[in-house]
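> Residues 1 to 270 in my numbering are what the sequence shown lists, from first letter to last.
Calculated directly from the structure, the hints in this document are not laboratory data.
It is possible that part of the hints are untrue.
[Said to hold, decoys possible] Pairs of lysine-lysine residues, derived as PhoX-like cross-links and limited to a Cα-Cα distance of at most 25 angstroms, are as follows:
1. K207 - K264
2. K197 - K225
3. K139 - K197
4. K264 - K232
5. K91 - K145
6. K186 - K207
7. K193 - K235
8. K139 - K12
9. K197 - K98
10. K197 - K257
11. K128 - K99
12. K91 - K33
13. K269 - K30
14. K266 - K235
15. K266 - K33
16. K91 - K12
17. K207 - K220
18. K207 - K145
19. K232 - K193
20. K60 - K91
21. K266 - K30
22. K193 - K257
23. K33 - K186
24. K186 - K225
25. K235 - K264
26. K257 - K30
27. K60 - K30
28. K257 - K192
29. K257 - K33
30. K145 - K220
31. K99 - K30
32. K186 - K12
33. K269 - K235
34. K139 - K186
35. K98 - K186
36. K193 - K60
37. K235 - K207
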Amino acid sequence: MSQTENIAYNSKLGIFSWFGWRLHISQRAKLIKDAGFDTTCLWWAEDERANTGSLDDLPKIVRANGLEIDNIHVPFADAHLLSSENHSERKGMIDLHKKWIEDCARHNIPKLIFHVCHADENPSAPVKVLLDSLAEIVKFAQAAKVILVAENTRRSDYIDFVFEQIDSEYLRFCYDSGHDFIWSDKPITVLKKWGHKLIMTHLHDNKSGDDDHIIPFTGKIDWRKILAAWPKDYKGPLMLEVVGNPEVQSPQDFLRKAFESLIKLKSLKI
C-alpha cells in the first residue's frame with residue numbers, strides 16, 4: 001500500500017458521541033465539531049436518554065452543531081436473545097431491532113450498529129436460530145432502506161457464521177480493532193476475510209487484557225498490521241470508539257488527541 005493508497009485516504013473522520021463525559025449532547029456535539037471531526041454515531045440507549053432527554057431529540061441537536069450522523073449503536077446487553085430457543089424472548093429482541101430500524105428511518109440515519117452476541121460473557125457457539133432472527137430483521141431493514149452493521153465482539157466466529165449464510169447489501173461489517181486484538185486468537189483474520197463487507201469502524205487501542213477503548217497509538221495494537229489488511233476500496237468514515245477519563249483531562253484535550261490519532265493513522269506508512 002503506497003502513501004497515496006493509505007487507509008481510507010479520503011474518509012471522513014468521526015468519533016462516538018458517548019466518549020466518557022456525561023455532558024448534554026449539545027455540549028458533546030459542539031466539542032466534537034470544534035475538535036475537527038466531520039461525523040459521529042449516537043448511543044441509542046436509556047443511559048443517553050437519562051443524560052440528555054428524549055432520544056428523538058438527539059439527531060436534530062447533533063446536526064444543528066454541524067455534524068453528520070453516520071449511525072446509531074443499539075444496546076447489546078441482551079444480544080444473546082437473538083439466538084434464544086425461547087420464542088417469546090427471541091421475538092421480543094427481533095421486534096426491538098425493528099423498532100430501532102424504524103428510528104433510523106424516521107431520522108434519516110443510514111446505518112444501525114449491533115452485536116450478534118454479547119461482548120461481556122463467554123458465548124456458546126452460534127446456532128441456526130440466530131440466522132432465522134437475522135433473516136427477518138434484514139428483510140425489515142431492506143424495506144426501510146437502513147443498513148444493519150454487525151460488529152466483531154468476543155467471538156469472531158459469529159461474524160463468519162452470519163456472513164457465510166446471509167449475503168445482503170443490508171447486512172454489513174463493522175471492524176472493531178480493540179475487540180479483535182484482545183479476543184481473537186488470530187487478529188486481523190476477520191478483517192481480511194470480511195473486508196469486502198466493511199462499512200464502518202470502531203477504532204480504539206488497548207494495553208491490558210480488558211476492553212480499554214483508549215486512543216490509537218497509546219496501547220499495544222500494531223496499527224501497521226491493520227493497515228496492511230485494510231480494504232483498498234473502503235469508502236466509509238474512520239470512526240473512533242474511545243472513552244476518556246474526566247478525572248485526568250479535559251474533554252477538549254481528549255478530543256484533540258483523539259483527532260490527531262486519526263491524522264497519524266491516515267499518514268502512517270507500512
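> It remains to establish, for every hint, whether it holds in the given structure.
To see whether the hints hold, each was checked on the structure:
1. K207 - K264: Holds. K207 to K264 sits at ~19 angstroms (cutoff 25 angstroms).
2. K197 - K225: Judged against 25 angstroms, a Cα distance of about 19 angstroms means the pair holds.
3. K139 - K197: At roughly 18 angstroms apart (the allowed maximum being 25 angstroms), K197 and K139 satisfy the hint.
4. K264 - K232: 18 angstroms, holds
5. K91 - K145: 22 angstroms, holds
6. K186 - K207: 17 angstroms, holds
7. K193 - K235: Answer holds: K193 to K235 is near 17 angstroms, not above 25 angstroms.
8. K139 - K12: 29 angstroms, violated
9. K197 - K98: 22 angstroms, holds
10. K197 - K257: Since the Cα atoms of K197 and K257 sit roughly 29 angstroms apart, the hinted pair is violated (cutoff 25 angstroms).
11. K128 - K99: OK: K128 and K99 at ~23 angstroms, within 25 angstroms.
12. K91 - K33: The hint is violated at about 39 angstroms.
13. K269 - K30: The hint is violated at about 32 angstroms.
14. K266 - K235: 13 angstroms, holds
15. K266 - K33: 19 angstroms, holds
16. K91 - K12: The hint is violated at about 37 angstroms.
17. K207 - K220: Holds, because 5 angstroms separates the two Cα atoms, which is no more than 25 angstroms.
18. K207 - K145: 39 angstroms, violated
19. K232 - K193: This hinted pair holds, its Cα atoms lying about 14 angstroms apart.
20. K60 - K91: Violated. K60 to K91 sits at ~31 angstroms, over the 25 angstroms cutoff.
21. K266 - K30: Measuring from Cα to Cα gives roughly 24 angstroms; hence the hint holds.
22. K193 - K257: Not OK: K193 and K257 at ~31 angstroms, beyond 25 angstroms, violated.
23. K33 - K186: Answer violated: K33 to K186 is near 36 angstroms, above 25 angstroms.
24. K186 - K225: 12 angstroms, holds
25. K235 - K264: 18 angstroms, holds
26. K257 - K30: 16 angstroms, holds
27. K60 - K30: 13 angstroms, holds
28. K257 - K192: 28 angstroms, violated
29. K257 - K33: 14 angstroms, holds
30. K145 - K220: 38 angstroms, violated
31. K99 - K30: 28 angstroms, violated
32. K186 - K12: Violated, because 29 angstroms separates the two Cα atoms, which is more than 25 angstroms.
33. K269 - K235: Within the cut-off at roughly 19 angstroms; holds.
34. K139 - K186: Violated: K139 and K186 sit about 32 angstroms apart, past 25 angstroms.
35. K98 - K186: Violated, at roughly 34 angstroms.
36. K193 - K60: This hinted pair is violated, its Cα atoms lying about 37 angstroms apart.
37. K235 - K207: Violated, at about 29 angstroms.
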